[in-house]
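The residues making up each chain are set out below.
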Amino acid sequence: MNTSIPVTHPRLELRGITKIYPSVIANENVDLIVRPGEIHAVLGENGAGKSTLMKIIYGVTKPDAGEMLWENREVTIESPAAARRMGIGMVFQHFSLFETLTVAENISLALDTAIPPAELAKRISEVSMEYGLPVDPHRLVHSMSVGERQRVEIVRCLLNDPRLLIMDEPTSVLTPQAVLKLFDTLRRLASEGCSILYISHKLDEIQALCDSATILRSGRVTGTTSPKQETRESLAQMMIGRELPECQMDASTPGETRLLINHLSLSTIDPFGTTLKDINLEVRGGEMVGIAGISGNGQKELLAALSGEQPAMQDDVTQICGVAAGKLNPAQRRKLGLRFVPEERLGRGAVPALSLALNAMLTNNDSSMVRHGLISYQAVRSFARDVIDKFNVKCGGDKALAGSLSGGNLQKFIVGREIMLAPKVMIVAQPTWGVDVGAAQLIRQALIELRNQGVAVLVVSEELEELFMICDRIAVIADGRLSPAVPTAQTSVEQIGLWMSGEFKHDAESSQNESEVAHA
Amino acid sequence: MNTAQFIPIFASVVAAATPLAYAAFGELVTERAGILNLGVEGMMLVGAIAGFAVASQTGSLSLGFAAAILAGILLSLIFAVLTLTLQTNQVATGLALTLFGVGLSAFVGRSYVGMSLNGLPKLDIPVLGDIPFVGPLLFHFDIVVYGSLALLFALQWFFGRSYWGLVVRAIGESPASAHAIGYPVIRIRYLSILFGGAMSGLAGAYLSLAITPMWVEGMTAGRGWIALALVVFATWKPMRVLLGAYLFGGVTILQFYGQGMGVHVPSEILSMLPYVVTIFVLVLISRNPKTILLNQPMSLGQSFYPHS
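Top line first, the protein sequences correspond to chains Y and D. When we follow my numbering, the leftmost residue of the first sequence carries the number 1, and every step to the right adds one. When we follow my numbering, the leftmost residue of the second sequence carries the number 521, and every step to the right adds one.
Careful: at least some of the hints might be erroneous.
To be verified - Chain D is faced by these chain Y residues, among others (derived, beta-carbon under 8 Å): (1) Pro80; (2) Phe98; (3) Thr100; (4) Leu101; (5) Ala110; (6) Asp270.
In short, the hints are calculated from the structure, not lab data. Virtual Cβ for every residue (Gly too), placed ideally from N, Cα, C.
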């Protein structure tokens, strides 16, 4: 692609990049070298400063100190447009697409030269065919799956002929099969001379794909290495400072049915939403069932239907501990023993501007905390302190505002609060999303203990690895339909991956029989 | 009804609809960029008095309209600085702007009460204007009326075809994404607010320089609020905005005739009619939640500040 530039020069070099935010040092003295045609990993936990570093390279954020060299010339990148003109493209983790516009309109917004619509559509089709990323230029983005949207983002970058492509956590929205395809595309780009910066916290992917890696921890570089020559353990050591924790889980015997979803169908008026189609699931006491799937396939709608935020038209589509609960609201369902941890911590799981103590009270319908309509602060605060102690929540005491806690600590508090309320059925959405490894481990172990105590636990997660670690059975949600739940021991990442793209209708019959046999 | 009666009725319908159309078109552009400016009523009033004052001092209607546009821009600039640069709440700031505009126009307008001047002349279009019936019906309006139709097509082209129209829509949907791919969100939001101000000022001046060429305190009589409602109920589509404006104008004129003919309904009820009918019809034609969700600027009314 760029034969004029000697190979010895790095394409991009960062020297001593530092970025300080009021409350946190995001990057401290970071050095990074990316060579032409190299796939370079930036590995680190949530909050290690990876995203800030990439925003600096892409011109979204300006560093407080340090210098940047692009093809051996010192540069300051003023804006994303300037970065694109230099040949830097970026695929964002949270996509930067506009949902009510078409693919072609979205792409034209990120091009620096205006191309007539007809020609643009043609070029989109050409590039997408050439790199195996099929997209229809005339479709509206809101009707597309997350995987398709990522293809649009990549095609959008490719049309600018990038010499450095930044991929920020690209595989969190893909099925395992789609990940392999993405890797093929990236290898092909690299072989043509394009450098790739690959941001991730997934060790396996980095070992499979990347030529070299820079590892960040708390904003500092803790190592630069060739990941193929490292072990998982040594990479983890550099990333989190110790070994990867493992969960302890023994076999259990499920008891009676606690949560039953019976032919649940629910249509949505939201053009960006998913209609639920004939969902069936049974979760027994002492059993942990996981629902895998790529986000946007009906998880949000299913969770709202189960928590009671979106009640159904018929009463018998949901049963909690044997009671028909389809039409009940969230408070009524809580009285039946259902506890719910939503995906959004701030705003749904907790009120950011209230103290932890008051947040602890919000989901508690126990009469000891409210007497004659007045809050008993003593009871509320002692309950909050119990949660803080038991679940090792790092905070400034029970009077600290929920909004002041880090994601991991707030999640420990919310999960802990619900567990302390002695659930009969526990539903958890994305239990460890955006949570550091240590807190994730504690939350998973707490859920396992809950299951060991005989509680029915339902976990909805996009992290397949997590579901395989903690679930007794796994089901997959795709396009608003739910696959049968198969015992974890009898399935594989490949099979669940296939189901994630909606291909369980053919083998549904046989698997249904299998799981029934397993139950009997 | 014979043609001799129909033509003046139609002419007054168009006249009543035109200021509404301008104000609503301006607000439509502002809202498409994700900004809710509730100050339309205030900007119209300030435009009306600025236009009237300058026109009566200089004797030039063109200068009057120019002054009205400038006054609208200045008032909306206050709103833009407050909401975009200082990050104030858009709803509260817009309401304050209307209150400010009402007071300011009344204060400035005290010495102009009771004065009158010659209103905006109708165009005399050769050939076309001479066609029987059609000529007086369609080709005998003032230039501002034809301007509103030109503005309709310009807006349809701008949002449907042009690159910068696409950018404005993108910013209204997700300012964060637009910022991330490198668009000057704040600058474009400034421009769209100023355009809204200019159109509101022009709309106000059409009231005080063309429809009834005089200054009366509070002469907009809630038209700014109707313009705001039109934009929402027309689901941010220029053509529907114009239809709504004509509907409002039509019912306004009809109820005048009703009052004149001595219909036995209290006149207050008749005066309410245009507001009620316009909102009722627009709600009826755009009650599909999908249409609303797909056309509504998703960031409408929310503050955005680019972090660097």
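Quick rundown of the hints versus the structure:
For Pro80/Y, the interface hint holds, the least distance from its beta-carbon to any beta-carbon of chain D being 3 Å, beneath 8 Å. Interface hint status for Phe98/Y: upheld, as the beta-carbon distance to the closest one in chain D is roughly 5 Å, under 8 Å. For Thr100/Y, the shortest C-beta to C-beta distance to chain D is roughly 5 Å, which falls under 8 Å, so the interface hint holds. With 8 Å as the threshold, the beta carbon of Leu101/Y comes within range of chain D, its nearest partner Cβ sitting at about 7 Å, so the hint holds.
Taking 8 Å as the C-beta cut-off, the interface hint given for Ala110/Y holds, the closest approach to chain D being about 5 Å. The restraint placing Asp270/Y at the interface with chain D holds, with a minimum CB-CB distance near 7 Å, inside the 8 Å limit.
Violated hints are absent here; each numbered hint is respected by the structure.
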